[in-house]
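*Asks:* Letter by letter, the chains look like this.
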Amino acid sequence: MQLTNRSKKIDKREMTLAERLYIPAVTKGLAITISHFFRKKPTIQYPEQKRYLGPIFRGQHILKRDEQGRERCTACGLCAVACPAEAISMVSAERKKGEEHLYREEKYAAVYEVNQLRCIFCGLCEEACPKEAIYLQHDKFLPAFTERDEVIWGKDKLVENMDNRYLREGWK
Amino acid sequence: MKVTIDNITLDVEPGTSILQAARQIGPEVAPPAMCYYEPLKGTGGKCRACLVKVTAGSEKDPRPMPKLVPSCITQVQEGMVVENTISQQVLDARKGVVEFLLINHPLDCPICDQAGECHLQDFSYEHGSVQTRYEEDRRTFEKEDFGPYIQLHMTRCILCYRCVYVADQLTPERVHGVMNRGDHSEISTYIAKAVDNEFSGNMIDVCPVGALTDKTYRFKNRVWFTKPVEAHRDCPKCSGKVTLWYRGDEVIRVTGRKNQWGEVLEFICNDCRFEKKKTSDWVIEGPSAVKRASVISANKYGANLTKPSFPLKQAALEYKKLDEGRDTSQLGIQPVPQERFEKLLPPAE
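These protein sequence lines map, in sequence, to chains B and C. Numbered per this note's numbering, the first sequence spans residues 1 to 172. Numbered per this note's numbering, the second sequence spans residues 1 to 349.
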């Protein structure tokens with residue numbers, strides 16, 4: 001019974017002498033193999049090499065600083081209220097005299113925590129932020145964690161490093 | 001007295017203002033009020049947020065009033081016809097009022113403790129435009145301390161004078177007021193004198209914006225992360241009926257109870273407001289009713305989840321009756337009665 005037209009009928013005749021020598025068949029096979037050496041490789045050497053994920057990929061969180069290195073976040077809580085997974089929590093504090101170079105606004109986030117097990121990388125926090133402080137980086141994956149205590153990310157991991165600033169296409 | 005507001009006619013007592021008459025109909029018709037505060041005598045007529053159009057002055061004299069009138073200080077007359085939300089002129093005027101109120105407002109809502117329960121926020125959200133046309137510098141003031149409990153951010157003030165009336169009517173002597181004139185006017189205690197009397201904390205409750213804020217609550221948490229709970233205690237000075245605002249198990253703020261219009265029902269004393277911040281000090285009555293549209297009810301799933309109308313309509317249109325004629329004897333299931341679906345679905349248009 002034939003189910004589809006794709007199956008090939010097996011030729012059960014005696015092989016000819018040329019076929020019995022196998023040489024032409026082996027050469028044909030080798031030619032296919034060798035031709036693949038010269039084609040473009042579809043694989044990359046991850047993690048040494050990384051693919052460009054596009055300008056709107058949502059990866060690891062970052063709390064941006066402004067041009068003068070002051071934290072932009074003012075702990076307004078809009079990201080936390082927008083978060084559908086309730087991953088963000090924060091404690092605000094008042095800026096003291098002499099801290100003007102550290103925080104841009106009168107109020108700042110003394111504690112800012114993202115629970116990475118809860119986060120679903122939807123980007124709603126980024127949309128809600130009125131101060132352009134939180135971003136999901138388009139070029140960085142969240143590293144894997146193996147321990148429970150690595151799951152909650154505090155400000156030590158989130159705040160932008162001024163020596164290695166995060167820039168996005170279209171930003172100045 | 002018969003009065004018609006937005007095509008709704010109702011009977012009111014003589015001497016009622018248009019605003020109060022509109023409030024009797026409901027919040028859809030009531031004009032917004034920034035400076036008018038029912039429990040305080042003499043308030044109103046300053047902010048112009050409640051302007052309405054009177055298309056017929058009274059039965060005797062049905063001519064329209066030449067200009068828009070402030071509804072909080074205009075009394076109704078027999079046969080008066082008022083247009084509030086149905087008049088484009090009123091809505092345009094209100095847009096202008098919002099623009100003027102926001103000219104010197106710093107718009108620092110992400111920082112301000114009042115955000116989420118701010119009347120100016122609501123007012124500008126409902127009536128204002130998205131962008132500002134103002135390019136000049138906004139006036140700035142230094143932050144000022146009114147004693148140990150109250151902080152003044154003069155930049156946020158809209159000069160509604162409510163706090164001045166509180167001081168006049170609730171406390172034996174007033175030590176603060178409005179200084180200077182015009183653009184320079186500011187609320188102050190003159191020589192940075194502390195406001196210390198038993199009921200001064202009510203200034204915080206009546207302030208429609210975040211100009212007067214609770215220092216003990218300063219930057220503690222955002223309004224929408226706290227849970228309001230009604231409570232009372234035996235207080236020798238005041239009624240002791242308050243709203244406690246919880247963060248977890250901790251009372252982080254105590255305020256007076258407010259009605260639908262954001263007006264305090266009973267003024268409370270400073271002891272209740274600033275000193276009693278333990279659950280053991282209070283008798284809890286139950287959670288406060290929070291409006292569904294309020295941001296305070298955000299992030300609480302379940303009962304107050306609003307279902308958008310479009311998918312419901314779509315579901316009603318596409319709903320097909322199950323074919324009950326088919327043989328279900330082998331499936332071991334009971335056919336679900338039709339009535340159960342019909343209750344959930346709105347009627348298709």
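FYI, nobody ran anything at the bench for these hints, they're computed from the structure. Treat each hint with caution, since some may be false.
Stated by the list, open to error - Think about it this way: if two alpha-carbon atoms lie no more than 20 Å apart in a straight line, the pair counts; the simulated EDC-like pairs of lysine to aspartate or glutamate are:
(1) LYS227(C) with GLU86(B)
(2) LYS50(B) with GLU147(B)
(3) LYS220(C) with GLU94(B)
(4) LYS46(C) with GLU263(C)
(5) LYS215(C) with GLU106(B)
(6) LYS143(C) with ASP108(C)
(7) LYS131(B) with GLU263(C)
*Asks:* Under the criterion that the straight-line Cα-Cα distance not exceed 20 Å, is the pair LYS143(C), ASP108(C) satisfied?
*Replies:* holds, 14 Å
*Asks:* Would you mind confirming whether the straight-line C-alpha gap from LYS215(C) to GLU106(B) stays at or under 20 Å?
*Replies:* holds, 14 Å
*Asks:* Straight-line Cα separation of LYS131(B) and GLU263(C) no greater than 20 Å?
*Replies:* violated, 32 Å
*Asks:* Given the hinted pair LYS50(B) and GLU147(B), is their Cα-Cα distance within 20 Å?
*Replies:* Measuring from Cα to Cα gives roughly 25 Å; hence the hint is violated.
*Asks:* What's the verdict on LYS227(C) and GLU86(B), does the C-alpha distance respect the 20 Å limit or exceed it?
*Replies:* holds, 16 Å
*Asks:* Regarding the pair LYS220(C) and GLU94(B), is the alpha-carbon distance no greater than 20 Å?
*Replies:* holds, 10 Å
*Asks:* So if I understand the rule, the pair passes when the alpha-carbon distance is 20 Å or less; does LYS46(C) with GLU263(C) pass?
*Replies:* holds, 17 Å
The structure shown violates the earlier hints numbered 2, 7.
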